[in-house]
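Trainee: Chains as they are written, first to last, in the working numbering: chain A, 6 to 119; chain B, 61 to 174.
Just so you know, the hints here were simulated from the structure itself, not pulled from any lab data. Fair warning: this is a prediction, and the values are worked out from it, not measured in the lab. There could be a bad hint or two in this list.
To be verified - Dumping the calculated DSSO-like pairs for lysine-lysine here, alpha-carbon to alpha-carbon at most 27 Å:
1. K47/A - K102/B
2. K47/A - K73/A
3. K102/B - K63/A
4. K99/A - K62/A
5. K138/B - K76/A
6. K143/B - K76/A
7. K117/B - K47/A
8. K102/B - K27/A
9. K143/B - K47/A
Below are the chains, spelled out letter by letter.
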Amino acid sequence: GENVEQHPSTLSVQEGDSAVIKCTYSDSASNYFPWYKQELGKGPQLIIDIRSNVGEKKDQRIAVTLNKTAKHFSLHITETQPEDSAVYFCAASKENTGFQKLVFGTGTRLLVSP
Amino acid sequence: EPEVTQTPSHQVTQMGQEVILRCVPISNHLYFYWYRQILGQKVEFLVSFYNNEISEKSEIFDDQFSVERPDGSNFTLKIRSTKLEDSAMYFCASSEEKNGDEQYFGPGTRLTVT
Numbered sequence: 006g007e008n009v010e011q012h013p014s015t016l017s018v019q020e021g022d023s024a025v026i027k028c029t030y031s032d033s034a035s036n037y038f039p040w041y042k043q044e045l046g047k048g049p050q051l052i053i054d055i056r057s058n059v060g061e062k063k064d065q066r067i068a069v070t071l072n073k074t075a076k077h078f079s080l081h082i083t084e085t086q087p088e089d090s091a092v093y094f095c096a097a098s099k100e101n102t103g104f105q106k107l108v109f110g111t112g113t114r115l116l117v118s119p
Numbered sequence: 061e062p063e064v065t066q067t068p069s070h071q072v073t074q075m076g077q078e079v080i081l082r083c084v085p086i087s088n089h090l091y092f093y094w095y096r097q098i099l100g101q102k103v104e105f106l107v108s109f110y111n112n113e114i115s116e117k118s119e120i121f122d123d124q125f126s127v128e129r130p131d132g133s134n135f136t137l138k139i140r141s142t143k144l145e146d147s148a149m150y151f152c153a154s155s156e157e158k159n160g161d162e163q164y165f166g167p168g169t170r171l172t173v174t
């Protein structure tokens, strides 16, 4: 089955710096890669996603890149702010049929210091 | 903005007891999921549900677990005889038919088995 690896496990940056979180996946059939932000005591919140037919997607300060050949994808946050501090999870799934399970990475705890 | 809701937020139960965790998915969504997250670990898929039947389940989802959509709004997870290792955060998620991959998570129920 699919296995998703994520690193780093923790990341500390200064406000205004950029943060990059990387994930690799094992199943070449995976074609949907969402990123979730989880704040303390809350459920994962979908922040951005990418499908395998594109290599990059951007939404304001966040962007995701996908390298299908290498089977890795990354989350980029620019101009980080203290409210970006949270645990970020990458995930992968196959097909686009609606009821495919998400396989999550182990999470990255991002701390943005003022 | 519509959101997934879950009750209770925290459930404490004794080993061997039955628990029912409740979820109200987003109203126009047709796919429903349960995930769990043991403290400090990754989010793990338990089961997906569509058209009143289970579409996929993980090895974690054994005979002690069951899901039900008892009416048009609720989606429940029942654990028949809880074990200590069932202690975790349980997240409900839902997705719509058109963009079924985009799963939206509830805030979770923290289950503590003593």
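Trainee: Give me the numbers of the hints this structure contradicts, sorted from smallest to largest.
Mentor: 2, 5 and 6
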